[in-house]
Amino acid sequence: MIKKRKIRMGLLHTTIRGDEKLLINAATYRNVDLKTVDIREQILDPIDYHSDFDVILDRCVSTIKGIHAIEFFEGIGIPVVNRLEVARICENKFAASLVLIKHHVPTPRFALMFGEEQAKVAVDRIGGFPVVLKPISGSWGRLLARINDIHALEAVIEQKTTLGGPHHHVLYLQEYMEKPGRDIRINVIGGKVVAAIYRQSDHWITNTARGATAITCPIDRRLKDIALKAACAVGGGVLGIDIFETKAGYMVNEVNHTTEFKNVQRVTGIDVAGAIIDYCLTVVKK
Amino acid sequence: MQTQCPICDGIILLDKNVEIAEIITCSECRSRLEVTSTTNAITLKEAPKVEEDWGE
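From first to last, the protein sequence lines stand for chains R and D.
Read left to right, the first sequence gives residues 74 to 359 (this note's numbering).
Read left to right, the second sequence gives residues 318 to 373 (this note's numbering).
Everything labelled a hint here was simulated from the structure, so no lab data went into it.
Where chain D lies over chain R, by a calculated footprint (3+ residues, C-beta under 8 Å):
no. : region
1   : 89-95
2   : 125-137
Below, a list of computed lysine-lysine pairs in the DSS-like style, where the Cα atoms sit at most 25 Å apart:
no. : chain 1 : residue 1 : chain 2 : residue 2
3   : R       : LYS335    : R       : LYS252
4   : R       : LYS108    : D       : LYS333
5   : R       : LYS302    : R       : LYS252
6   : D       : LYS333    : R       : LYS94
Chain D residues, not near chain R, derived (Cβ > 10 Å throughout):
no. : residue
7   : MET318
8   : ARG347
9   : SER354
Using N, Cα and C, we set each Cβ at its ideal position, and we do this for glycine too.
Starting from the given sequences, assemble the full structure and let the hints guide the process.
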């Protein structure tokens, strides 16, 4: 009798967080041969890189390192979760917003520009103050500015364009959405809605990384539909989708491609890590 | 399992399943530390600072 060999999975990381430990445990439980791969220690040389992975799961906390790593491993023929195309869309808020509107997924109004005068015109076009100025790439609610008037707009843009690098000269403005003191984080994995939480906070920024409290969120039909539509729009895979509850209905704010889920798993009791590993097993190299 | 904080020399207790590159916090000085070795003795170094492109 031929013994079936274990699936070999590489877990690509920078630092190991609680989320990665949950993934390691879930892989062990499923008898997957999982090896951690610290991207900081790799030399991505396609001639000399020896790898026998059937699939790679990208969990790099550094977006830039992660994107290059995905590019490399896909380049040498190893399937990666998430795919490069998906990661490239999600890591850029402008690209993600454009894909969402292309697929008719409700999302706040947004505009991108490179100068102060253009920003002033854009504020009027997207509905006036307040607006949110975001870095084009970034996470955990960092470097977001809620701008309430023209003076604040001028000051923030001057600071960004004077003190920041070239990528801070890219100004992504988004309509400010009134929220009921929370937003929704919903995990979609392999085209299935897995779990959702409310992220509740008195602050206008409702990331758990900024102190918001995670509470189980019931998933109604409309929430499920918009989450699946957003996931499909960016190309699917393992995703964490941030959704606002607005007077006009649900709106997708952002889609994350290396989603943190330990708070979702903790408060819902749903095995999100297991669902991620199960999904990876469906995309292994044939 | 236990080891010493490289910042404050305080004693740090660790789970037996600790992973290389795992980030832990010293309960005494609150420093964020990264596990650098789990063979023989557990070794730690100060964790990297959060960089601008870090996130999800």
